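Q: Listed below, chain by chain, are the residues.
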Amino acid sequence: MTEHVSVRMTLLDAQIVDRDRLPIGRVDDLELFFPPDGGPPQIARVLTGSQALGKRIGGVIGRWLTSMSARLRRPGSRAGPSTFDAGLIADTKPMVRLRVQADELEGIAGLERWLASRLVERLPGTGHADK
Amino acid sequence: MSRVARFAGAALTVVIAGAAIWYVSAPPKGSDGYRERMADATRTLRSQVQSARIWAATFAGGDATSAATLVGFEEAERDASSAASQFESYEPARRYLPLRSRFVALAADATGALADLRIAAELDAWGRVPEVAGRLDNLAASLERFERRARR
Amino acid sequence: MNRAFAFTLGTLSAIGGFIDIGDLVADAQVGARFGLRLAWVSLFTVAGIMCFSEMAGRVALKTQRPALALARSRLGPRFGLFGLIGSLLVTALLVMAELAGVALAFQLATSVHYLLWVPVALALVLLVVWKLPFEVMERVYGLLGLAMLVFVVAVWQLDPDWSQLWSSATTPAPTGRETWATYLFFLVALVGAQMTPYEMFFFSSGAVDHRWRPKDIKVMRANVIVGFPLGGILAVAIQAVAFLVFFEAGVRVEHLSQTALPVAVALGKIGLVVAIVGIFAATFGATLETLFASSYDTAQYFGWSYGKVQPPARAARFTTVMLALLFAAAALALTTLDPITVTIVAVVCSASLLPFLFLPVLLVANDRELMGELANGRLSNAVGFATVTVSVIVAALAFPLLILTKGGTV
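Keeping their order, the protein sequence lines are chains A, B and C.
Those letters in the first sequence? Residues 63 to 193, per our numbering, in order.
Those letters in the second sequence? Residues 56 to 207, per our numbering, in order.
Those letters in the third sequence? Residues 15 to 424, per our numbering, in order.
What the hints contain is simulated information worked out from the structure, not anything from laboratory work.
Hints are not guaranteed to be accurate.
Unchecked claim - Across the chosen pairs, the derived CB separations fall in these ranges:
(1) 348/C with 145/B: 30 to 36 Å
(2) 93/A with 228/C: 35 to 41 Å
(3) 150/B with 175/C: 40 to 46 Å
(4) 351/C with 177/B: 21 to 27 Å
(5) 159/B with 157/C: 50 to 56 Å
Values in this document were obtained by computation on a predicted structure and should not be read as measured data.
Quick reminder that beta carbons are idealized off the backbone N, C-alpha and C, glycines included.
Bound-form chain A, shown alone:
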């Protein structure tokens, strides 16, 4: 690809949805891979979640976001920000759509699952609250 594409405009901060269009998170940062032969850098992994976002925002609020989010992660998951392989991306327009379902992604949107199982599903009436 020789055409110039700004990752900042097209990919960074974009909404991520799964195969069924369920929102998962945002592209909070990207991990690049520099080929040893000196070719153009490629996107290796997509970072998503407040831990990665906090690092990008920086400052007091950013640090607070990062540490809060790191502490909330379930024990056993890796210490770094949650990521997934860039190869899972099926489409980037109008938003980043993945080939898989949200539940198949290890370590992504952990808070969502934790809150769902520990809090929201235990509240009365959750099962049939809406159509």
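Let chain A serve as the given structure and place chains B and C on it in line with the hints.
A: For chains B and C alone, coordinates are given in the frame of chain A:
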């Protein structure tokens, strides 16, 4: 450098916030300030007296429910007494002592009349309401005169 | 859905969204103290909120996503985070004030102290959030909100001297007994009360939830054109009745009960009851709208799943944010903080946030790549730019005036 700047910024914010809170809640300064607060407190009393008078008149005309009227009386009484007691806690200059005692007497009349209204309403003695409310007209007029005097 | 029906609903939600506790308090205060001398502000706020709601609605039609969700990709995460944190703080205050407003409406109906009604109001909000679908919710409080029209009827019933009203409305200056500082302070308060950004987001999120498409643009615009001006007329009517009943007597409005009193004077018990129903509907609807708008904003900023569209268990983070906000607001209401003071502080804070919430929408609606033929035209940009400029000035004046006038109590 940026650490110093950040510290200075934080310190400035705290100072401004403190100054703002002080400005909003400080007791009056000087004799002008005292007079002005007296006029403001009188205006509040008059506002509550008039509000209660309108509630009473509306109720008497069969136009307001007793529940809403009682709420109106309660609020007028509560606001009037808190405005009066707050002002009375300020320390006056010696030469304002006579003016202050006139205020205290007026405020006592006003809160007393408002309490009578509220009690009549609470006891369901609505027949007494017009009689008590009759005092409010004169009270409002005296408060208005007194406010003008204090504001002069 | 039937088009005519969709139109009615959207209009109702625009009226309902326009009038909330901020208007009920600020408009009545302004009317009692300044007559109609600040009524012209509503011309500006109605034009501004119409322009931005139409823009946000257009973005939603074209992209099926609310405008703020797209703003992060354009302005970066920092700008959005600032607006988000600010609006969450203001929302906590606003939801507290709206909940207290619901409780105060119950108090007016029963004379039982409002603090006892706060838990009831909370339970009612939870029940509606949990059990009612979006559309039913919108419909019910939209219809109940029509009760607010009683304020307009009351203006006529009070048989005013119209030339006096007109001369008051055409005198943009404080009355003899007020200062310019308080005049400007209440100008800021009116802008904050009438141009609440959640109206815009709720309107666009509603468009997303209704799955409106570009062909629905006429219905969307008709809603904007009818709904918001009606809301503005209601706001001026609240000012007018407070003016007619309170100004001469020197009454300053400090309670929600005093907002309702002029209607009783004009229309008797039935009018009073209708006004209480209207106050209940307006504050209850606004509780839901503010709550949803902030939770939507949060979810969209972080890219979480959200909404009445996803069942709660599929939008756990969204649901948690909403519950946390609601309980924080209820706790705040139970601290016996005066809800009227909180309302005034909240509308002033809200006014100071306007530029941060308007600017992203203006930018997104101008993005031709994204919006194609539905991008902003000249009219939208002119009105939008003017609104942003004025809102920047209002935002800069908001806090100094709040302190200087001691919240308008001087």
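Q: Would you mind marking each hint as holding or not holding in the structure?
A: Hint check results:
1. 348/C with 145/B: 30 to 36 Å: Given range 30 to 36 Å: holds, Cβ gap about 31 Å.
2. 93/A with 228/C: 35 to 41 Å: Once the Cβ atoms are compared, 38 Å apart, the range 35 to 41 Å for residue 228/C and residue 93/A holds.
3. 150/B with 175/C: 40 to 46 Å: Once the Cβ atoms are compared, 45 Å apart, the range 40 to 46 Å for residue 175/C and residue 150/B holds.
4. 351/C with 177/B: 21 to 27 Å: For residue 177/B against residue 351/C, whose Cβ atoms are near 25 Å apart, the range 21 to 27 Å holds.
5. 159/B with 157/C: 50 to 56 Å: Given range 50 to 56 Å: holds, Cβ gap about 52 Å.
The structure meets every hint from the earlier list without exception.
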